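S.K.: One line per chain: the protein sequences are A and B, in this order.
Residues in the first sequence are numbered consecutively from 1, following full-length UniProt numbering.
Residues in the second sequence are numbered consecutively from 1, following full-length UniProt numbering.
Hints listed in this document are in silico derivations from the structure and should not be mistaken for laboratory results.
None of the values given here were measured: they were computed from a predicted structure.
Be aware that one or more of the hints could be misleading.
Since the list gives no way to pick out one identical chain from another, each pair is judged satisfied if it fits inside one copy or across any two copies.
[Claimed, not checked] No more than 27 Å apart at the CA atoms, straight line, and that leaves these computed lysine-lysine pairs for DSSO-like:
hint	residue 1	residue 2
1	K285	K464
2	K193	K94
3	K397	K354
4	K287	K134
5	K193	K354
6	K94	K552
7	K98	K193
Protein chains: 2
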Amino acid sequence: MSPKITTELLKQLRQVMKNPRYVQEPVQAYIVPSGDAHQSEYIAPCDCRRAFISGFDGSAGTAIVTEQHAAMWTDGRYFLQAAHQMDSNWTLMKMGLKDTPTQEDWLVSVLPEGSKVGVDPFIIPADQWKRMSKALRSAGHDLVPVKENLIDTIWTDCPQRPCKPLITLDLSYTGVSWRDKIVALRSKMAERKVMWFVVTALDEVAWLFNLRGSDVEYNPVFFAYAIIGMNTIRLFIDGDRMMDPAVREHLQLDSTLEPEFKIQVMPYGSILSELQAVGASLSPKEKVWLSDKASYALTEAVPKAYRYLTPYTPICIAKAVKNAAETEGMRRAHIKDAVALCELFNWLEKEVPKGTVTEILAADKAEEFRSQQKDFVELSFATISSTGPNGAIIHYKPVPETNRTLSVNEIYLLDSGAQYKDGTTDVTRTMHFGTPSAYEKECFTYVLKGHIAVSAAIFPNGTKGHLLDSFARSALWDCGLDYLHGTGHGVGSFLNVHEGPCGISYKTFADEPLEAGMIVSDEPGYYEDGSFGIRIENVVLVIPAETKYNFKNRGSLTFEPLTLVPIQTKMIDVNLLTEKECNWVNEYHQKCREVVGAELERQGRHEALRWLLRETEPLARVQ
Amino acid sequence: MSPKITTELLKQLRQVMKNPRYVQEPVQAYIVPSGDAHQSEYIAPCDCRRAFISGFDGSAGTAIVTEQHAAMWTDGRYFLQAAHQMDSNWTLMKMGLKDTPTQEDWLVSVLPEGSKVGVDPFIIPADQWKRMSKALRSAGHDLVPVKENLIDTIWTDCPQRPCKPLITLDLSYTGVSWRDKIVALRSKMAERKVMWFVVTALDEVAWLFNLRGSDVEYNPVFFAYAIIGMNTIRLFIDGDRMMDPAVREHLQLDSTLEPEFKIQVMPYGSILSELQAVGASLSPKEKVWLSDKASYALTEAVPKAYRYLTPYTPICIAKAVKNAAETEGMRRAHIKDAVALCELFNWLEKEVPKGTVTEILAADKAEEFRSQQKDFVELSFATISSTGPNGAIIHYKPVPETNRTLSVNEIYLLDSGAQYKDGTTDVTRTMHFGTPSAYEKECFTYVLKGHIAVSAAIFPNGTKGHLLDSFARSALWDCGLDYLHGTGHGVGSFLNVHEGPCGISYKTFADEPLEAGMIVSDEPGYYEDGSFGIRIENVVLVIPAETKYNFKNRGSLTFEPLTLVPIQTKMIDVNLLTEKECNWVNEYHQKCREVVGAELERQGRHEALRWLLRETEPLARVQ
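Can you make the complete structure from the sequences, with help from the hints?
M.R.: Here's what the structure looks like:
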């Protein structure tokens with residue numbers, strides 16, 4: 001990996017920072033955040049502006065360029081990568097270390113008095129703008145919105161914004177029509193006495209209209225906004241996608257409809273002026289509902305007195321609770337995904353001893369097996385295929401420079417998933433193709449105990465997921481081991497593999513309470529730097545539980561695993577399991593046998609079926 | 001309980017709300033919060049202004065009086081009590097119910113346009129002022145500080161502010177001299193580049209100067225403020241307390257000292273003008289450190305640009321980590337407290353069957369036994385002595401109207417504690433003096449399992465206490481039971497029985513990480529409305545733990561119980577305990593026997609000793 005040479009680019013950027021064609025007044029600093037205009041976690045190539053200007057292409061990082069300096073803030077996952085990818089023009093700001101200044105403090109320390117700091121108001125979320133603007137103002141500087149993105153002005157070979165065809169999802173996938181979703185949304189709006197709702201997150205637009213796209217890799221979304229009024233629907237979207245007869249039919253664009261369900265299609269770029277027009281037309285007490293993470297540009301378009309901001313939108317909350325059709329789809333997707341992984345692990349077991357399987361080949365093979373399954377669309381994230389020490393790098397993705405060959409002497413960790421038209425999968429299994437050491441088995445078994453503790457947990461309706469996080473750690477903690485990531489995240493239904501508003505993480509507090517129908521991952525791990533990584537991940541569905549006293553009718557909840565892939569029994573030290581845990585493993589494997597076994601049989605995949613049957617033999621616990 | 005007649009009082013209050021002698025302009029509403037000028041949890045009689053004006057004397061509630069209305073906001077614990085204590089002039093606003101308006105929303109709905117809402121700026125914390133002021137301003141009203149407290153102007157027989165003698169604590173109790181505490185504080189101030197620190201919480205003043213008082217019942221504190229500069233110490237305190245030679249000697253008021261340790265004693269009431277003078281004298285970049293919960297009056301005294309506000313002050317954090325002298329003192333206090341409770345329970349066992357022991361008598365007897373112990377000062381909170389259905393009222397305090405007689409047919413719950421000169425105690429035991437039902441034993445045993453799960457938990461250094469809260473619930477949850485309070489709170493060392501910044505509660509997130517030397521309570525419970533209450537509470541010390549892998553040298557922590565009072569084995573269903581839990585109980589009881597037994601022996605309390613020995617017989621688990 002050699003660093004990107006950025007001398008010329010930075011020179012150009014510093015010129016446009018003073019060029020009256022782009023800025024009303026020269027800006028002495030320019031901020032280049034990671035995100036896109038929708039605060040997406042995964043972004044399109046045309047939005048990778050921070051990577052373009054600096055060379056550093058990790059998933060998190062903020063660049064700030066002043067007349068004299070160029071600095072990059074990123075977190076511990078990326079210190080090494082950023083240092084490798086950036087040239088000497090850049091200073092790496094290691095977030096989380098005690099002596100690293102915040103962006104605000106650094107700006108104040110390097111800027112001449114009365115400076116202007118520019119940023120694209122569409123890329124910076126309103127809450128971040130507020131914080132930074134306040135800090136700069138109190139030091140005598142100004143944060144100013146620069147309408148034209150200055151990186152785009154110098155990015156001559158910037159890829160085009162993707163504008164790929166849409167997929168329409170009928171009721172058998174979504175369970176609820178877009179019309180009924182609009183009705184439900186309007187009733188939430190009426191409850192809060194809000195007249196308008198602005199849909200800014202890409203997965204929320206996709207969910208609301210029962211459409212999917214492929215504008216962003218791994219996420220079946222498309223670039224669009226919507227403004228929902230009590231009597232109007234405006235969809236902001238580009239390209240000829242609205243010419244597709246299937247889409248026109250799906251959205252009933254050519255039908256005679258009650259006016260309140262008539263969708264007005266408008267250019268993607270006209271959202272700001274349309275929202276400003278809405279904002280200007282408001283009567284007193286009419287409010288506009290926005291996510292508090294919406295961009296500064298859109299938030300500012302609504303006069304302050306008319307804004308109604310919440311951390312989670314009603315769409316985000318409704319989307320999280322999967323209906324029967326979605327749940328069934330998720331089940332089907334996970335069975336197909338399990339078939340693919342049985343094929344893969346059976347293949348790996350034969351091939352790994354030959355010494356010819358690399359991490360990249362294993363990842364490719366996983367994709368190949370998945371792509372043979374019905375309604376496969378794409379992967380749901382970049383496959384983490386890691387062996388030995390690479391497994392200890394939590395966000396590892398194999399590249400030729402790091403690509404390691406799988407062997408019978410090392411633990412192999414595979415964290416992978418796919419988008420099927422009926423659901424999204426995300427599963428991690430940790431395998432040994434030779435003989436694991438006692439220590440490796442010990443650590444694996446603690447992780448398994450944590451996984452079971454969450455999966456089998458019973459808790460009252462209304463419990464927030466973060467309260468379950470410690471259950472996953474208790475067995476590890478007892479021996480002085482831990483892992484430095486959350487235990488689970490929300491999972492979309494043929495949508496983003498990471499979604500709010502629920503999860504299982506000690507890092508969050510403002511998650512929404514778990515309720516039946518929500519889907520999260522359960523993925524504790526243990527990582528030994530330089531040696532190995534262990535993680536056991538299932539996607540699990542929140543379901544009602546039966547308890548003796550049922551929390552005085554408050555209701556009881558627990559989880560049902562949707563993922564049905566064997567957990568390698570060879571890695572388990574059975575003596576460390578309680579009887580209850582042992583039974584959990586055996587019942588889980590029995591279900592894998594029955595459900596996935598039947599599908600393997602149906603697909604005529606007899607060798608993989610034999611592998612499944614062998615891998616799901618019951619554990620025998622020595623009393 | 002008959003309600004207080006407030007017609008005349010409200011008339012008087014409405015008059016002073018317009019009286020130019022007290023208000024610059026008439027105020028259309030006046031807010032009467034619960035607290036005192038130090039945001040204390042427990043307050044002195046002279047600060048019970050809300051109780052005076054309304055009749056409602058629960059621990060939490062805010063009154064607002066307008067020209068037409070009088071309304072009281074309180075939470076679920078007090079709906080019944082408030083309704084009983086207030087006359088028909090008052091509207092009860094039940095907080096936590098969906099249709100109850102917030103104070104701000106209610107004010108906006110009842111006030112005429114452009115109203116002024118008054119409040120005593122010393123009583124309202126700065127963060128609350130900010131929130132309310134913003135909401136009122138956006139609706140066209142103004143929140144205004146009213147210097148003279150309007151309740152005080154009509155409270156003709158208001159008790160005097162207490163001004164009781166001080167207790168000086170020498171090094172054998174405190175472990176660190178006040179001088180060294182000042183040195184440590186100044187070093188924290190230097191770290192944060194802060195020139196001044198304002199001590200506003202009463203327990204922080206007491207801790208800093210190694211002084212105690214008795215101005216507030218149950219809390220050994222005294223009314224005072226302090227302003228600590230890098231070279232100056234100002235102590236604001238009233239009365240002739242500074243004439244006491246022991247206090248003068250302790251504070252070295254008459255010694256020749258380095259100027260930076262010379263304490264300037266000033267009148268309590270001069271804090272505002274002194275702080276204003278400090279605020280006016282600041283050079284750029286000189287900051288003043290205040291708690292963000294300090295009063296609006298004091299916060300406003302420092303110009304905004306010079307304020308440095310944090311949720312936890314350096315004193316709060318230092319105070320939470322007990323040193324060796326404090327820990328030893330706490331141990332001694334808990335042994336004495338256990339002696340008193342062995343005496344009490346032995347006495348109850350004999351007396352309850354006679355049918356002559358009421359809740360109040362039992363509470364009095366507990367105090368009597370405690371007061372026989374060395375260095376006893378007072379109780380640390382109002383004793384919760386409750387039998388049968390009263391036990392299900394979590395914050396119950398027996399009064400003649402509710403006073404129930406203990407019997408051999410009902411569960412008895414005693415939550416009590418004391419202030420000794422060497423430490424503060426807080427212990428809950430749940431007993432049955434006859435034969436408990438299978439259901440009562442079942443519930444008790446789940447609570448015990450939760451208690452043990454926390455007490456025996458092992459966790460990495462730096463873990464926040466709220467992450468342990470679910471451990472206390474897991475056994476209850478498995479059967480569909482829960483309790484609606486947090487699991488633990490910080491405990492002071494001969495100071496407030498509730499103190500920050502750590503605790504074990506699902507309700508908080510911003511608690512400080514646990515570290516060795518911190519002291520918290522571990523008190524899960526279960527409450528069956530109308531039938532019984534169960535709670536098992538020990539005060540526990542955070543200590544280093546030995547683990548196999550020690551979190552890669554991050555360090556392991558666990559708890560050591562300081563409370564050493566038998567847990568009634570008659571209430572335990574041994575078959576529901578694991579072997580590990582059974583061993584925990586037996587080891588705990590063994591320690592009670594050894595440590596408390598020796599002290600009972602030393603004090604010649606042979607009957608109580610026999611009771612202790614009988615109650616600590618090992619459990620035998622049927623395999």
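S.K.: Quick check: which numbered hints come out false for this structure?
M.R.: Those not satisfied are hints 1, 5.
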